[in-house]
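If you want our numbering, it's the 1-based position in the sequence shown plus 676.
The hints are simulated quantities; they were obtained by calculation from the structure and are not laboratory data. All figures in this text were calculated on a predicted structure; none of them were measured in a lab. Certain hints may be false.
Derived Cβ-Cβ restraints for the label pairs, each shown as a range [said to hold, decoys possible]:
no., residue 1, residue 2, range
1, 857, 908, 29 to 37 angstroms
2, 905, 849, 46 to 54 angstroms
3, 829, 910, 40 to 48 angstroms
4, 798, 893, 48 to 56 angstroms
Yeah, the Cβ is synthetic: ideal placement off N, Cα and C, and Gly gets one too.
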Amino acid sequence: MPTIPPIDIETHGHAGLLLGSMWEPPTAPTWMAVLVHGYGEHIGRYQWVADRLTHDGAVVYGHDHVGHGRSVGERVIVEDFELLVDDLDLLVRRAHEEHPDLPLVLVGHSMGGLIAARYTQRHPDLLTATVLSGPVLGRWPQITDLLQHEEIPDVPISPSSLSRDEDVGEAYARDELVWHGPLQRPTIEAFAAELTTVNEGGRLTVPTLWMHGEDDRLVPIDGSRYGWEQIAASDGRAISYPEARHEIFHETNRDEVLDDLLAFVHEHV
Numbered sequence: 677m678p679t680i681p682p683i684d685i686e687t688h689g690h691a692g693l694l695l696g697s698m699w700e701p702p703t704a705p706t707w708m709a710v711l712v713h714g715y716g717e718h719i720g721r722y723q724w725v726a727d728r729l730t731h732d733g734a735v736v737y738g739h740d741h742v743g744h745g746r747s748v749g750e751r752v753i754v755e756d757f758e759l760l761v762d763d764l765d766l767l768v769r770r771a772h773e774e775h776p777d778l779p780l781v782l783v784g785h786s787m788g789g790l791i792a793a794r795y796t797q798r799h800p801d802l803l804t805a806t807v808l809s810g811p812v813l814g815r816w817p818q819i820t821d822l823l824q825h826e827e828i829p830d831v832p833i834s835p836s837s838l839s840r841d842e843d844v845g846e847a848y849a850r851d852e853l854v855w856h857g858p859l860q861r862p863t864i865e866a867f868a869a870e871l872t873t874v875n876e877g878g879r880l881t882v883p884t885l886w887m888h889g890e891d892d893r894l895v896p897i898d899g900s901r902y903g904w905e906q907i908a909a910s911d912g913r914a915i916s917y918p919e920a921r922h923e924i925f926h927e928t929n930r931d932e933v934l935d936d937l938l939a940f941v942h943e944h945v
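Can you build the whole structure from these sequences, using the hints too?
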């Protein structure tokens, strides 16, 4: 499958300029996808996902959150996730303005899954379907543990926890746009607050797919599954992958994962 290069795009979010990408399909698009990346990373790590979606007919959008990648802001500082949901809304509405007749699917990974779940609660009218990959939902014991410390321990994300594919971890470790330091207290507190907000935000009314690796050591599956059970749509679906780690889109069975995602999309688009 040939790689489709992205087009740089800009969004003026709550704190300033957000830089992102748009990928166009080789033929006229039949649907839209908006990708929402995870903590400490950037949208450029989703080239593989964009390639699969564009070759299925999607025009794909995504931007780097404030404090992430090429966007403005103090690195990985998030004081209120509702503001990141507001930023995402600007991108979703831009996609609808540029392709007003196409259905839109929201795809969020990890922290991006938390943002996507909240967006789906707040703006169901703008979405045809939502996909949550290894989402931070429900209970995340690491957050509770870190908040007990007067000084947050300097424990960055281990590249080996991302995927069984060693190349993924090595590329992550070399990536200068990735944050390789510890979590920051304001961000931890914002995570805790948003988890409560989503847990209490009501069930999703948009068809939603929850996908999770069963050997996810960053966002353990049990806590995320608990959160999914609190908000799952009546026509929602859950899929888990034995032995898969956190980044299921970059796992050794990535083709299976993207096949499952696209099969779900085709049911609703």
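So, going through the hints one by one against the coordinates:
1. 857 - 908: 29 to 37 angstroms: 34 angstroms, holds
2. 905 - 849: 46 to 54 angstroms: 35 angstroms, violated
3. 829 - 910: 40 to 48 angstroms: 41 angstroms, holds
4. 798 - 893: 48 to 56 angstroms: 30 angstroms, violated
Hints 2 and 4, counting from the list given before, are not met by this structure.
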